Amino acid sequence: MKHLRAINQKARRIDDHVASQTDDVVALQGPPQGQQRPHVPMGCSLVFSPGWEVDSAGGTAGLCQPVERDLYDCYITCYWPAQVPDHLNNYPDWTAKCAAATKDWRNIDLVFP
Amino acid sequence: MNQYRLGEFHPFGGGRFLYLVPSAGIFELDDACRAVLSRLEKGEASREELAAIAGPDVVDELHQAHAITTNGFSPQLQQPPADFPLQTLVMNLTNQCNLSCQYCYEFGEDKVATPDGKPKFMDFETARQSVDYLLTSSEGRRAIHITFFGGETLMNFPLLKQVVDYASKKAAEQARAIDFSLTTNATLLTPAIIDYLSENRIGVTVSMDGAKESHDQFRVFANGRGSYDIIEPRVRALIKQHKTRPITARVTMTSQAMDVLGTYKHLKHDLGFHEVGFAPVTTSPNRLYSINESGLDSVLDQFRSLADEYRDHALRGKHHGFSNVSDTLAELHQGVSKSHPCGAGLGLVGVGPSGDIAPCHRFVDSDDHKLGHVSTGLDRARVSDFLGRGHINTKTDCSTCWARPVCAGGCHHEAYVRYGDTGHPNLHYCDWIRGWTGTCLEIYAAIVEHNPSFLQHFADRKAA
Ligand code: SF4
Ligand code: SF4
Chain A
1 MKHLRAINQK ARRIDDHVAS QTDDVVALQG PPQGQQRPHV PMGCSLVFSP GWEVDSAGGT
61 AGLCQPVERD LYDCYITCYW PAQVPDHLNN YPDWTAKCAA ATKDWRNIDL VFP
Chain B
114 MNQYRLGEFH PFGGGRFLYL VPSAGIFELD DACRAVLSRL EKGEASREEL AAIAGPDVVD
174 ELHQAHAITT NGFSPQLQQP PADFPLQTLV MNLTNQCNLS CQYCYEFGED KVATPDGKPK
234 FMDFETARQS VDYLLTSSEG RRAIHITFFG GETLMNFPLL KQVVDYASKK AAEQARAIDF
294 SLTTNATLLT PAIIDYLSEN RIGVTVSMDG AKESHDQFRV FANGRGSYDI IEPRVRALIK
354 QHKTRPITAR VTMTSQAMDV LGTYKHLKHD LGFHEVGFAP VTTSPNRLYS INESGLDSVL
414 DQFRSLADEY RDHALRGKHH GFSNVSDTLA ELHQGVSKSH PCGAGLGLVG VGPSGDIAPC
474 HRFVDSDDHK LGHVSTGLDR ARVSDFLGRG HINTKTDCST CWARPVCAGG CHHEAYVRYG
534 DTGHPNLHYC DWIRGWTGTC LEIYAAIVEH NPSFLQHFAD RKAA
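If you read the protein sequences in the order shown, they are chains A and B.
With our numbering applied, the first sequence has no gaps in its numbers, which climb one by one up to 113 at the end.
With our numbering applied, the second sequence has no gaps in its numbers, which climb one by one up to 577 at the end.
Hints listed in this document are in silico derivations from the structure and should not be mistaken for laboratory results.
Please read all numbers here as calculations on a predicted model, not as lab measurements.
Note that beta-carbon positions come from the ideal geometry of N, C-alpha and C, so glycine has one too.
Treat the hints with caution; some may be incorrect.
Sample of chain A residues facing chain B (criterion: CB under 8 Å; computed from the structure) [claimed, not checked]: (1) Leu4; (2) Ile14; (3) Asn107; (4) Leu110.
Chain A extracted, bound-state conformation:
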């Protein structure tokens, strides 16, 4: 809502409820229509994530090696049900050596379950 600002937790739920009734489904690539709400680009090429189809420059030169393909981002941010080391229970440190994905992606280890 634009004119009423939700203040307490219940008001935020009302706001969400109203939004869910009135807003259209918004695809990942489009800017949210109507009111602007925080929108986190999840798993898109706006952020550098080794494994995705384009690199940070929009080309393919900086793509990671096939073995990491579709892995890194699934591990952290993506809902995609890929077989990745899970960062909650078993491999919390999988990407520990990868401080900046653009530079250190080679340090992402292989794991053998």
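Starting from the structure of chain A, add chain B with the ligands where the hints point.
Same frame as chain A, but now just chain B with the ligands:
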């Protein structure tokens, strides 16, 4: 054509905020919204007229939030599910007490308990059944609580220890968290008991009415001697040694003890309690110690000055120990909208020494209010009678009151003592409730405006 009119709400913060009823949502308004609302204060208006004032999307938003309406009906609150999972069990370890406080709801002039022929002390078998009952009836909850109560809780301290052992073991087996607290008059505290309470992270609430003079008015031994001198050193030792949980004081206000500011100062600053909560005595109105209307006004004024102090602390990001404000702010921040005034008979039950289940600790040992037994569980018919009476939808006096999301008619026990019916709204407190809720909303507005991060404290605080 649809005619719009005002929905139900309470404006505060100079008209910048709305507390919506019954949803309990709090919204900040912009000027366009305010223009629409002030038009509707003069009477109904058409959509066209309102849209001309502020634009159609403003009208839509206000309508979606139910701040304005076309049919004049507020949405009704639903019934809670019949198998509402238990969260807290109040275990009355004994109904015996070494004090004889005149106003006591268990033994005093307005008692509801009928303890004749029932055990005076709970035995381990009953306590074990109570714990098992709590564990099975709270399925799905990760964290559960046991509150020890009395009588004087510490008169059955050996059982308390057994229950803590047994319940902790059982909860651990199910990978669930359990915590304990107790209420005591502090007369029987010893260094060993204090150490035990601290080691086992048992929260302690001390019933205490202030400095010696007001405390000794009612909190007396059977021979009439006041208990202040006995408990003062014990309370100091408790606050000093018990560091694992906040220690709180609970004050019962009477016509002879209405000095809120002095009492708070003494308990918080002289003795060092973490938090201090106040509640007026529950009594029929003709008792000498019952607080009359002008007394309540004076109490509310004092509450307000203490609440102002709280606000100033909060704006500087500091804790203030006046728990009546914290509790209300937590409810306002979460947007609690109650179908029932409290968890009694829903998430909370009281269990007496006999194993009888009561809606809460105040009804323990009363045959009229028995809801079941820990060995056999709840009597569904009695529970639904109790909850049916207590539901806000049945309290017609409350149906137009803006404070009903937080009040829902008030304490069932208070209602029973005053009106002989647990489902009667506590109409003798309405001015108080609305006055107090309004005060807390103003504090809330000040915090939202000047130190919103302080509200984080209330996001998870258990609202009553
Ligand atoms: S008891 Fe009074 S203050 Fe409480 S909801 Fe009912 S009318 Fe309002
Ligand atoms: S508010 Fe009254 S009925 Fe509810 S738990 Fe407290 S004493 Fe019992």
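For each hint, the structure was consulted:
1. Leu4: For Leu4 of chain A, the interface hint holds, since the closest Cβ of chain B sits about 4 Å away, which is under 8 Å.
2. Ile14: holds (5 Å)
3. Asn107: violated (36 Å)
4. Leu110: Not OK, violated: Leu110 of chain A not within 8 Å of chain B, min 34 Å.
The structure is inconsistent with the numbered hints 3, 4, although it conforms to all the rest.
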